[in-house]
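There are 2 protein chains.
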Amino acid sequence: MNTDIQHMIQTKARKAKEGMRVLSRSSADIRNNTLLAMSEKILKAKDDIQEVNRFDLENGKKTELAAPLMQRLLIDDQKIERMADNLRQVAALPDPIGEVISMRERPNGLRIGTVRVPIGVVGVVYESRPDVTVEVSALCIKSGNGVILRGGSEAIHSNTILARILSDTAAKEGVPDAIQFVDTTDRQAVYELIRLPEYIDLVIPRGSNEFVQFLMKESDIPVLGHADGICHIYVDEAADLEMASKICMNAKVGYKVAVCNALESLLVHAEVAKKFLPDFCKVLHEVGVEVRGCPQTQQIYSEAKPATEEDWCTEYLDYIVSIRVVDDIDTAIDHIETYGSHHSDAIITESYSASQRFLKEVDSAAVYVNASTVFTDGYEFGLGAEVGISTQKLHSRGPMGLEGLTSYKYVIYGDGQVRE
Amino acid sequence: MNTDIQHMIQTKARKAKEGMRVLSRSSADIRNNTLLAMSEKILKAKDDIQEVNRFDLENGKKTELAAPLMQRLLIDDQKIERMADNLRQVAALPDPIGEVISMRERPNGLRIGTVRVPIGVVGVVYESRPDVTVEVSALCIKSGNGVILRGGSEAIHSNTILARILSDTAAKEGVPDAIQFVDTTDRQAVYELIRLPEYIDLVIPRGSNEFVQFLMKESDIPVLGHADGICHIYVDEAADLEMASKICMNAKVGYKVAVCNALESLLVHAEVAKKFLPDFCKVLHEVGVEVRGCPQTQQIYSEAKPATEEDWCTEYLDYIVSIRVVDDIDTAIDHIETYGSHHSDAIITESYSASQRFLKEVDSAAVYVNASTVFTDGYEFGLGAEVGISTQKLHSRGPMGLEGLTSYKYVIYGDGQVRE
Chain A
156 MNTDIQHMIQ TKARKAKEGM RVLSRSSADI RNNTLLAMSE KILKAKDDIQ
206 EVNRFDLENG KKTELAAPLM QRLLIDDQKI ERMADNLRQV AALPDPIGEV
256 ISMRERPNGL RIGTVRVPIG VVGVVYESRP DVTVEVSALC IKSGNGVILR
306 GGSEAIHSNT ILARILSDTA AKEGVPDAIQ FVDTTDRQAV YELIRLPEYI
356 DLVIPRGSNE FVQFLMKESD IPVLGHADGI CHIYVDEAAD LEMASKICMN
406 AKVGYKVAVC NALESLLVHA EVAKKFLPDF CKVLHEVGVE VRGCPQTQQI
456 YSEAKPATEE DWCTEYLDYI VSIRVVDDID TAIDHIETYG SHHSDAIITE
506 SYSASQRFLK EVDSAAVYVN ASTVFTDGYE FGLGAEVGIS TQKLHSRGPM
556 GLEGLTSYKY VIYGDGQVRE
Chain B
156 MNTDIQHMIQ TKARKAKEGM RVLSRSSADI RNNTLLAMSE KILKAKDDIQ
206 EVNRFDLENG KKTELAAPLM QRLLIDDQKI ERMADNLRQV AALPDPIGEV
256 ISMRERPNGL RIGTVRVPIG VVGVVYESRP DVTVEVSALC IKSGNGVILR
306 GGSEAIHSNT ILARILSDTA AKEGVPDAIQ FVDTTDRQAV YELIRLPEYI
356 DLVIPRGSNE FVQFLMKESD IPVLGHADGI CHIYVDEAAD LEMASKICMN
406 AKVGYKVAVC NALESLLVHA EVAKKFLPDF CKVLHEVGVE VRGCPQTQQI
456 YSEAKPATEE DWCTEYLDYI VSIRVVDDID TAIDHIETYG SHHSDAIITE
506 SYSASQRFLK EVDSAAVYVN ASTVFTDGYE FGLGAEVGIS TQKLHSRGPM
556 GLEGLTSYKY VIYGDGQVRE
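These protein sequences, in sequence, are chains A and B.
Residue numbering for the first sequence follows my numbering, beginning at 156 and increasing consecutively.
Residue numbering for the second sequence follows my numbering, beginning at 156 and increasing consecutively.
These aren't lab readings, by the way, just hints derived from the structure by calculation.
Each hint should be verified, as a subset may be incorrect.
Intra- or inter-copy, both count: the list cannot distinguish identical chains.
To be verified - Below, computed lysine-lysine pairings styled on DSBU-like, alpha-carbon distance capped at 35 Å:
(1) K429 - K199
(2) K437 - K196
(3) K515 - K327
(4) K411 - K460
(5) K170 - K515
(6) K216 - K430
(7) K170 - K372
(8) K234 - K429
(9) K372 - K201
(10) K515 - K196
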């Protein structure tokens with residue numbers, strides 16, 4: 156154990172908490188002006204940011220980072236614009252803090268209400284995309300939370316300069332210390348971070364499944380994150396098959412393949428399997444998607460490889476899909492409840508009753524009728540942005556936006572009431 | 156390690172989850188009728204319950220249980236009536252499940268809403284009061300949650316018969332297995348319970364501070380509970396001193412002494428300390444409350460013992476109060492933020508500005524103006540009942556009623572939308 160790292164994380168966490176106290180009491184004007192000033196600073200510092208970004212890109216080349224990861228790492232002019240724009244957009248969102256959620260008068264004359272407040276300090280652990288540094292900071296400043304950012308080693312140089320611009324600007328605008336960046340790539344930093352419940356109120360991990368699971372198990376602080384995204388589409392006997400094909404293709408390959416809300420397992424009602432699967436599997440094959448099917452699927456589409464029990468539990472994040480033919484909607488729902496990860500699941504149907512049963516009985520963060528699962532996203536859901544997607548049922552579920560970064564407190568107005 | 160206990164808890168947890176699936180899909184009518192049937196059964200089984208209760212009372216005598224604990228253990232006619240009444244009251248509350256919390260149409264025509272759903276399975280660990288078995292079961296049945304009850308060893312016989320009556324009635328009404336009772340007093344049962352995230356979604360402990368802290372540290376499942384109740388009242392320079400005296404006495408000894416929302420530390424503005432403290436401390440002395448004060452308090456009230464740093468951090472739950480004279484409201488708020496437990500804190504003042512600052516800057520579950528802290532309670536707050544009080548800021552904060560036992564899911568109605 157390196158006591159320097161321990162000391163550094165403790166210092167940053169304590170500072171984040173001090174900064175949070177000032178920020179959480181600041182007016183919406185101060186918080187919004189801070190975001191607008193950050194937006195301008197990012198645009199002005201474009202050349203510096205891109206120069207530093209080149210170090211990360213060169214390191215990426217040396218370590219033979221895959222092309223999609225290199226693309227995520229690159230900060231081109233467009234990405235600079237997007238970061239600046241994101242900050243302005245978050246500034247324009249309604250202020251979540253201070254909202255009176257409820258207020259009622261009790262028989263004894265006490266007026267008891269709930270008011271929205273920041274959570275406190277949030278620790279965010281994320282990977283290659285440097286824009287996450289900006290997105291997450293924006294949401295935390297807006298919602299009055301302190302934040303400790305821990306980015307991936309691939310983006311350490313880019314993240315460091317971005318975080319410095321953001322925290323310097325915040326200090327100039329009168330809300331110092333609320334943004335803290337961990338500028339070591341040593342893994343120990345994360346282990347220290349999850350051991351500080353006195354300073355940090357919530358840990359939000361964005362990363363591999365194993366990593367999130369590990370944090371959930373080890374952390375002394377509540378962890379909110381999704382562990383898995385095994386998403387299903389069930390093509391009902393009453394489905395519009397053309398719509399089903401369009402939606403399933405979109406959910407598998409139309410948006411992105413390696414995302415948590417992409418289709419992994421397709422369930423098809425036996426009544427329509429023979430009509431639907433041959434053409435659909437052909438299209439899948441054409442775009443390079445491997446099909447792994449149940450025995451019935453293999454009978455219909457002979458090129459399908461056999462799907463094992465493990466396939467139903469696997470988040471491929473790849474050009475692979477598992478397909479099972481089911482006899483009825485009950486089997487489909489049971490399959491989803493047994494093998495799914497409670498992330499995003501859809502039914503394609505024109506049947507009113509089937510749609511209602513699916514919406515009620517599938518216990519997932521997002522349950523769809525006749526739409527693609529890849530819509531599960533803070534922007535798409537109209538939350539403005541998101542710090543992550545939760546598949547837990549406590550606190551925030553699904554895309555976690557500004558409201559997910561808040562708690563509430565009871566405020567009680569009395570005029571001398573005592574309890575007997 | 157006793158593998159029988161491990162197996163027993165696993166079996167109960169799995170059954171609770173199966174039962175929860177049926178319960179969570181049942182109509183409000185079924186859930187309410189179940190509660191009404193339970194109420195009748197409790198009344199009818201009065202003699203049996205009281206006969207069994209005598210075993211616990213006799214054991215209590217043998218083990219020399221303190222008088223207040225014996226009182227909590229006793230199930231007299233009045234308590235039977237109260238349990239039956241509680242079940243009827245919970246049945247009469249609005250149904251929390253299925254409520255459409257929000258619904259909006261997105262530019263692409265998707266209608267995206269949030270709907271209230273049960274959390275799943277809740278593990279509740281509690282102590283001597285057998286009525287908790289009934290209260291918690293009522294709230295869980297109403298909110299569609301499975302529950303695993305783990306009561307204290309003092310009340311094992313009473314809890315066993317109550318839980319059997321409740322679960323038998325639930326089974327007869329068509330919602331079997333949702334209520335599971337752990338009928339061993341072996342501590343291992345609790346350790347097994349907190350290791351089953353695949354079956355249990357939330358642990359709610361009601362017990363000693365050390366015990367709750369221990370569970371929070373050890374559990375693989377989210378734990379919601381209050382760790383401490385170090386509650387403050389700040390008597391401002393602009394306070395109505397008569398009101399202050401009445402409220403402080405009520406918060407210290409007027410309701411109950413050994414409760415989490417009772418007053419532990421009193422802060423008095425220096426401007427009014429000489430006028431307020433002499434009479435107030437005399438009244439405290441008359442009812443047997445020991446005063447531990449800061450040097451200024453000791454100057455004003457010479458019988459005060461010196462308050463140490465430890466006193467400011469202590470939840471006495473006893474006839475003791477610590478008193479500090481402060482120079483201004485900033486010092487009062489700082490003191491509360493430094494030493495408090497973020498449970499319930501009050502200001503007594505006629506100053507509008509002081510009341511607003513206190514409400515905004517004190518970061519506690521319940522913040523009061525001119526009322527006694529002991530109102531922090533589900534019934535008093537109009538929630539109908541509570542399963543516990545949370546001092547955490549995630550999910551449910553303060554008294555946790557039916558809404559605290561729910562989550563939500565996104566439901567998305569489309570007509571073929573795909574994402575580009």
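The hints, checked one at a time:
Neither within a single protomer nor between protomers do K429 and K199 lie at most 35 Å apart by alpha-carbon distance, with minima of 59 Å and 59 Å respectively. Taking identical chains as interchangeable, the C-alpha atoms of K437 and K196 are never at most 35 Å apart, the minima being 51 Å within one chain and 62 Å between chains. When the C-alpha separation of K515 and K327 is checked against a cutoff of 35 Å, the pair qualifies only between copies, where the shortest distance is 24 Å, while the shortest distance within a copy is 50 Å. Within a single copy, K411 and K460 get their C-alpha atoms as close as 23 Å, which meets the 35 Å cut-off; across copies the closest is 69 Å, which misses it.
Taking identical chains as interchangeable, the C-alpha atoms of K170 and K515 lie at most 35 Å apart only when they sit on different chains, with a minimum of 21 Å there against 45 Å within one chain. For a Cα distance limit of 35 Å, the shortest separation of K216 from K430 qualifies neither inside one copy, at 47 Å, nor across copies, at 75 Å. In the homo-oligomer, the alpha carbons of K170 and K372 lie at most 35 Å apart both inside one protomer (26 Å) and across protomers (24 Å), since each shortest distance falls under that limit. For the homomeric pair K234 and K429, neither the shortest alpha-carbon distance inside one copy (46 Å) nor that between copies (64 Å) is at most 35 Å.
Neither within a single protomer nor between protomers do K372 and K201 lie at most 35 Å apart by alpha-carbon distance, with minima of 40 Å and 45 Å respectively. In the homo-oligomer, the alpha carbons of K515 and K196 lie at most 35 Å apart only across protomers (31 Å), although the nearest pairing inside one protomer, at 48 Å, exceeds that limit.
In this structure, the earlier hints numbered 1, 2, 6, 8, 9 are contradicted, and the remaining ones agree with it.
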